[in-house]
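Peer 1: For chain G, the structure is supplied; the task is to place chain W on it using the hints.
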Amino acid sequence: MRSRLRSLRLAGLVLLALVLSACQLIAPDVEDAPLNSLDPKGPFARQIDSLFWPVFWIAVGIFFLVQLAIIAAAVFFRDRPGRKEAKQIHGNAKLEVIWTVIPALILATIAVPTVRTVFDLTECSPDAMRIEVIAHQWWFEFRYSNIEGIPDGAEIETANSMVIPADEEVCAVLSSEDVIHNFWVPKLNGKRYLIPGQEQVLRLQADEPGTYYAHCAEYCGLSHSLMRAHVVAVAADDFDAWIARQLEPAAVPEEGTPADEGLQVFLNAGCVQCHSVDFADNDRNVPDNIIARETFNGPNLTHFSDQYRTMFAGATLPEAGEDYDTALKRWLADPPSVKPGSYMPDLGLTEAEIDNLIAWLKTLE
Amino acid sequence: MTDVAARPVTTIYRKPRSETGLWSWITSVDHKRIGIMYGYAAFLFFILGGIEALLLRVHLAQANSEFLTAGAYNSLFTMHGTTMIFLFVMPASAAFFNYLLPLQLGARDVAFPRLNALSWWVFVFGAILLYSSFLFGTAFAPITPDGVAGNIPINGGPGALNFLADSPNGGWFGYQPHAGPFYSTGTAMDYWSMGLQILGLSSLISSVNFLVTVFNMRAKGMRLLRMPVFSWMTTVVAFLLLFSLPIIAVALFMATFDRQFGSTFFQASNGGDPVLWQHLFWLFGHPEVYILILPAMGIVSEVIPTFSRKPLFGYSAVVFAGAAIAFLGFGVWAHHMFSSGISPVAQAAFGLATMTIAVPTGIKIFNWLGTMWLGRIRLKTPMLFSIGFVAMFVIGGLSGVTHAVVPSDWQQTDTYYIVAHFHYVLFGGAIFGLFSGLYYWYPKLRGRVMNETLGKIHFWLMLIGMNMTFAPMHWLGLQGMVRRTWKYAEEAGLETWNQIETVGAFIIALSILVFMYNWWRSKTHGEPSGLDPWDARTVEWTIPNPTPEYNFAVPPVVESLDDFWRQKYTEDEEGRAVRRPEADQLVADLEYLGNNPPQPIHLPNPSYFPFLVGLSVTIIGYGIIYHTTAWGKALIGVGVVLAMAAFIGWGIEPLEDEPEDHTPDHLEPAEAH
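As given, the protein sequences belong to chains G and W, one line each in that order.
Just so you know, the first sequence maps onto residues 1 to 365 in the numbering used here.
Just so you know, the second sequence maps onto residues 1 to 673 in the numbering used here.
Rather than coming from a laboratory, the hints here were simulated on the basis of the structure.
There's no promise every hint is true.
Distance condition first, Cα-Cα at most 30 Å in a straight line; then the derived BS3-like pairs of lysine-lysine [said to hold, decoys possible]:
{"#": "1", "chain 1": "W", "residue 1": "K633", "chain 2": "W", "residue 2": "K523"}
{"#": "2", "chain 1": "W", "residue 1": "K220", "chain 2": "G", "residue 2": "K87"}
{"#": "3", "chain 1": "G", "residue 1": "K84", "chain 2": "G", "residue 2": "K94"}
{"#": "4", "chain 1": "W", "residue 1": "K456", "chain 2": "G", "residue 2": "K87"}
{"#": "5", "chain 1": "W", "residue 1": "K523", "chain 2": "G", "residue 2": "K84"}
{"#": "6", "chain 1": "G", "residue 1": "K362", "chain 2": "G", "residue 2": "K329"}
All figures in this text were calculated on a predicted structure; none of them were measured in a lab.
Next comes chain G alone, as it looks inside the complex:
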């Protein structure tokens, strides 16, 4: 009997050690994982987080209870020489009631805050700033209109980086141009689908200025894994300044500069099929408003090099530690080799053309 007790205690300790070492091992990673859902940085994510942990600990408790009971049964009631035959017990009504009612009560306890949080988080508050999020295969587009500082009828179109004011609720209005996608900013809230032909809303709010990673979470085709974005929360003043900057059209570069050569590549190599740019009035015959055709449109490039728009190609480039220009070269040389299935084709640009194009893109601040 004693040896069995000891082996049971041992089993319990091993189980505990396994779980604790697992917790220990994830702890350091958790700190730097940019998509970590257990590291809330805003009130909505925090509300979910505070709902998750009690349920998690209840689950852990039940886990230990059941696993130890299984091990105890296997250890104590294992057939051994001299062990008597078992009593033929067919059941016990009282026990059945107990293990029906107790789980039901635990679940009822969990259910109440669950339902409350569902209702809390589903609708945006009416005075929240509304920003459109439009999904494309495989990048996120963000559109701003009817916001203080934006004149009636004007609209800001940007991609990959969603700039929001910190410490203020933003209502992301979600839709899709093609298939179903899923917008997820784990540190700010749970995820919500972007469905073609429908509109969903997702409440976002960041406590502090900072960059919060986002990822498409629904399988949406070949480069689903490379459909990412940043949510950049900035101080209110910076946000107003950003809006003002975004309303500025792009300047046409001086004739003869590499940037001008790059602009000519842009205008003539086929880029304008998919990319829109708003240009300032000019005497160079550059149309002041290049609008891409409806289908397969790519990001608006007017502010491609904006200070908050630090990544491109669905916010997957540059990769960690990679130089911005090198990454951009790699991308322009052969997009589908970087992002399989990319609608942006290999246009067969020469190295010189690519360098000039980069020079021009860098003027688009």
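Peer 2: Then chain W, alone, in the frame of chain G:
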């Protein structure tokens, strides 16, 4: 009966007569042979699905991996899921149903033996059609509804094994409009939807067959609440199949019409509703989860009492909990769609309904524990797998409750947390249960027991391997690893655990090799089992091993639940089991009687027609995929003609030869004790 005997036997086709060799298997209507064929086919697909999984795991062991191309990766995870669900767990359960249901009920076969063969052949040809997409399928870049083609063929991008990209790539869930005509061009997804349609037909046919069998062919005295729990779970699963498969059939028809004939049910760009697909898919897909797990629960409910030498604790509670799970399973489908923007009222309702399912599931777990408690437990391999089932399934159940907390699910859905959850349920649950059943009922197949040492090595390797593979997925998901992700960034901090998972996956593979060796070796080297190797409780153990072709020499009569145990054991005043003095003689008598039927037994004739009908269905399937071409239309024609010919043959072929000396079919049972 005399009228029938007087009728001349009409044949226009020659009857199959082979008793051995390939033709005997092709024409067999014997539920045991069909079960065995289902089993081997399922295992083959388990291996294929496993190889797909290993390729995925090798790929994921590295951040920003380019081992596989994106197209190959997407096809592999699509086919891994589709294979494991539709071509492994479902037919593996069907193998158990086929082999065991008639034996547990005390019957000589299922109600409609030829229909049973038809389910099997439809399954085989459907599976071949689905897998032939690796050979014949194509996948191209998206086109827009107005016909503008994308620029790049799908075979772009860095990596190896790109030829795999030309097979189904829309995920096992086939979400629209991604899997629709504009975004999954080429034939690959046609193969997928046609393959699932045909596989569904197979399961639908067998569900009807099993239900009729259960309600009409139980042995004398076997009331419904005297049926073994495995037969009960078979019944529940048959109801689930019957009610859920028509839903996916309708959804797949709609998808096929969208893809083949230009309808727009799910195509948002043309006014369709892509979320409708999700509702239909999961209205089938959630009951499907219980279709996968309930058979394993049935197996575990047989194994645990046998090896604890105690009756199942709370038999009727376990049975009704199974039925309750199935019933509730139809009311929770939208929990797969909590992030799809359904109304908060719906989210709350589906969240609560999902939590409710934890109650009957808990009842089962506690009753299995109650069965083990105070038992006299023999830790043989089948029992180890059943205990493993309970332990692992609990983990899957608990993580399941955390997604029923809707807002938590908004974080968890579409991440590896979900992958962890359902692998604990399906691998730790269903697969452990199925292996438990294989070790337990192996003697029925071969008359021998499988090797215990190898069995235990298999169990421990598989338990360790599966926990190494799937446990880290919980925290990877919570740390932000999204599902179906070809690449994850280095800075996401996910690499270490992914490497550990890959090692775990290979440990699982190793354990399966041990199992295969054991299976093969035990056929000749296993210890002879005799009639009753486990001191078992139910009626399928009252006949010799391996099972005679006619199952029961004399139809059994049942007086109680666990009737065989009752015949062997009585109870003393303390309630402890006491072996009856005549028990050994009883077993010897049963062995003799089982091998020497007192009366000639008539068995249903073998038949070609189920094979031919199955073949024709698949020919029509290929025809529909290629219906725009002349030869596609020709295939449809050939298939229809073949089907009609086969149905006519089937219709006029007698089920049994007329006996020369007619004896009543149901004999009075011999006095066995």
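Peer 1: Does the structure keep K220/W and K87/G at a Cα separation of 30 Å or less?
Peer 2: Roughly 29 Å separates the two Cα atoms, so the pair holds.
Peer 1: Do the alpha carbons of K362/G and K329/G lie within 30 Å of each other, as the hint requires?
Peer 2: Satisfied, since the Cα-Cα distance of roughly 13 Å is no more than 30 Å.
Peer 1: Given the hint that K84/G pairs with K94/G, does the C-alpha gap stay at or below 30 Å?
Peer 2: holds, 26 Å
Peer 1: Would the hint linking K456/W and K87/G be met if the CA-CA limit is 30 Å?
Peer 2: holds, 28 Å
Peer 1: Taken at face value, is the distance from the CA of K523/W to the CA of K633/W at most 30 Å?
Peer 2: violated, 47 Å
Peer 1: Would the hint linking K523/W and K84/G be met if the CA-CA limit is 30 Å?
Peer 2: violated, 34 Å
Consistency with the previously given hints fails for numbers 1, 5, ordered from lowest to highest.
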